[in-house]
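Residue numbers (this note's numbering), protein chains in the order written: chain G, 3 to 408; chain B, 3 to 408.
No lab work stands behind these hints, which were simulated from the structure alone.
Please note that the accuracy of each hint is not assured.
Given that identical chains are not distinguished, each listed pair holds provided it fits within a single copy or across any two copies.
Listed next, the in silico DSS-like pairs over lysine-lysine satisfying Cα-Cα at most 30 angstroms (straight line) [claimed, not checked]:
(1) 348 - 235
(2) 103 - 31
(3) 292 - 348
(4) 153 - 225
(5) 31 - 114
(6) 59 - 153
(7) 103 - 59
(8) 103 - 114
(9) 114 - 235
(10) 348 - 31
(11) 235 - 277
(12) 292 - 77
(13) 103 - 235
(14) 103 - 225
There are 2 protein chains.
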Amino acid sequence: MNIESYIREKAVSSRAAADALALMSTEEKNAQLLAMADALERAYDEIVAANAEDVEKARDAHLAPSLVDRLTLTKERFDAMVEGVRHVATLPDPVGAELSKCIRPSGIAIRKVRVPIGVIAVVFESRPNVFVDTAALCLKSGDAVILRGGKEAFKTNSALAKCVRASLSVPDAVEFIDITEHEAVSALVRCTGLVDLAIPRGGERLVRAMCEAALVPVLKHYKGVCHVYVDDKADFGMALSILDNAKTQRPGVCNAAECLLVNESIAPMFMPMVKAWADDKGVILHGPAKAGDGSVDWEHEFLALEMNVGTVANCAEAVSHINRYGSHHSDCIVTSDSAAASHFLKSVDSAAVYHNVSTRFTDGSEFGMGAEIGISTDKLHARGPMGLEELTTYKYEVTGDGVIRR
Amino acid sequence: MNIESYIREKAVSSRAAADALALMSTEEKNAQLLAMADALERAYDEIVAANAEDVEKARDAHLAPSLVDRLTLTKERFDAMVEGVRHVATLPDPVGAELSKCIRPSGIAIRKVRVPIGVIAVVFESRPNVFVDTAALCLKSGDAVILRGGKEAFKTNSALAKCVRASLSVPDAVEFIDITEHEAVSALVRCTGLVDLAIPRGGERLVRAMCEAALVPVLKHYKGVCHVYVDDKADFGMALSILDNAKTQRPGVCNAAECLLVNESIAPMFMPMVKAWADDKGVILHGPAKAGDGSVDWEHEFLALEMNVGTVANCAEAVSHINRYGSHHSDCIVTSDSAAASHFLKSVDSAAVYHNVSTRFTDGSEFGMGAEIGISTDKLHARGPMGLEELTTYKYEVTGDGVIRR
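All chains should be modelled from the sequences, with the hints used to inform the complete structure.
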């Protein structure tokens, strides 16, 4: 069978599973989640053995140690993954919520109600916990999911898929693409009429390739080029503390800061403090240069203890720079000037805009969503962290007593 | 200059205009709308003269009379178009609404606020009023719009663009693509980072071509294959009245019914009434055949006094048929059985599901949105009629007093 028809067949099974899931009660879905968690615990030996094979192969192939580490399923990570599934069972069910209702002059009654999206395709890279996290979130939101993992985690994901599917009353609610060909991904994102949404969870290359091939909607972020702008009326201690947190607390993630912008009127005083902090923390600074200066790659995402530094004449220049070179992810102003703060919050066109708060807070659990399936820098449907509500859509239910349009 | 860089330049101007629009107050936007309406009235002679040229050219080229009619800007249509702009000024401004807020245990305060989407590209066919309706709605929602009309209305649209742009304090808020090459459309929907959303308003061919080329999100409906399902417990008089309204009140629109499904237990009694109705109204019936029968093209959109007729064993079979062959637009059950109605409303995966109401109500003004920019059969962001709120997105504004993540 060719790859395209193989993938379409999986999508057809998912579609049927989605119809069944949409009708499941909250209690049924929670019971399924707990069964999934129990099944994973029982299959611990088998899953860890499969993971050991992947890890050995990765070491033999001399993959980067950071990649091998991400791939490794330790006991602690396994337990956290299982607990994550049980946690999803405790979260409120978004499906069925009445978003609005009205009776129109025509006599029709309209209810706008939250419903599952349907079939969601998730393509991810090496972290095996993504398989289980995603399956759990989609099950709770009533969506069927088609998972496609990285080939370096193939045996781990296969073992997880086998265990998770066997634990479900509708096994096809969690489909696993068990072929490693690249064409499988493009076939998946071209299944119009079957796949309702695709979510890539991985590096910029994966995301761009998926978007280029896609005919179905894709929710994603390409990268996180987040800014900390220190205004002329900033408290320097607060500015350094936020900068330190945004850059160094976890430099490899998308909400870490990649560019510091400093108001030029305070630069002579503030920059020496920044340099002292950078020396102390081992952060490599590029600059300072005038913001927008052509010799700097302002769109670069370092994901390391390294960042660009730019100077701006005022808050408006900082906003223009961020809107032009940023990734519309998370950007912060440090200032005690409420007019500047309000201008920044209103004008910066990003999913999350911060005043005197570290950019590191853009995260489903920090935002109170309980769990997240990813972060979107798109503007449609979901912006910022995506939790259970963002995995749903709505429909209009219209009732009447034989009402016709005049 | 090549087409791609020409279009990119337009999109760059729109982007700048969008930044200005996002900061405009409701009063400023309403004043702009009223100025636009006045300017259109003053330019009546010029616009109608341009339209006469288009109409003459269309007649000379022997375009279909229905197309020539759609293209013609009568005094009545012109006045309605101008009144439409004034009406948009009276609608509530969706921008700035606080969708939710909370203070998290970390100490950060989060506000989720409604903001414009940014730059919207709208590609439409012959009706000239679409130019003005769309410009008015986007201005009110704070979005910059790039309009591309059909080449048969080129002179009319050029005259409208000249007039509308001259009336605005930010003329680039309404950009007009004044070249007729097909490549302009594909270039437009590939402007990632500049165009935030594309909306096709036209036939299925236009929509498919745009989706195939697009790298930016597209909101659309391909077609409207709407169903009326008459259950075994239906009031026949009500069923015929809804069928008549859904099929004949305006057969050329997307929310008109294209398929009648009848419960087979009532078919012997009900079908003769349907046939009598069809004879009386000049409706061509195809069938009845068993729903799903391979000899019928169940996905066909007639847009005329013509429809498919299928029989089903029960409500569940009607639901399966609709989910498989329908267009996820608007579908109706006629029944006095509340269990069947509730199953249908919950299981049919369409933007609008109706119980004892004609499908013709799927419409922005019937739904209370005041005006609409189109109807979406997509599931993400906006489903069903799209009004001003659907032309916005949200951002998170997060404030604190130097809060960092632990």
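**Asked** If you check each hint against the structure, which ones fail?
**Response** The structure breaks hints 7, 12; every other hint is satisfied.
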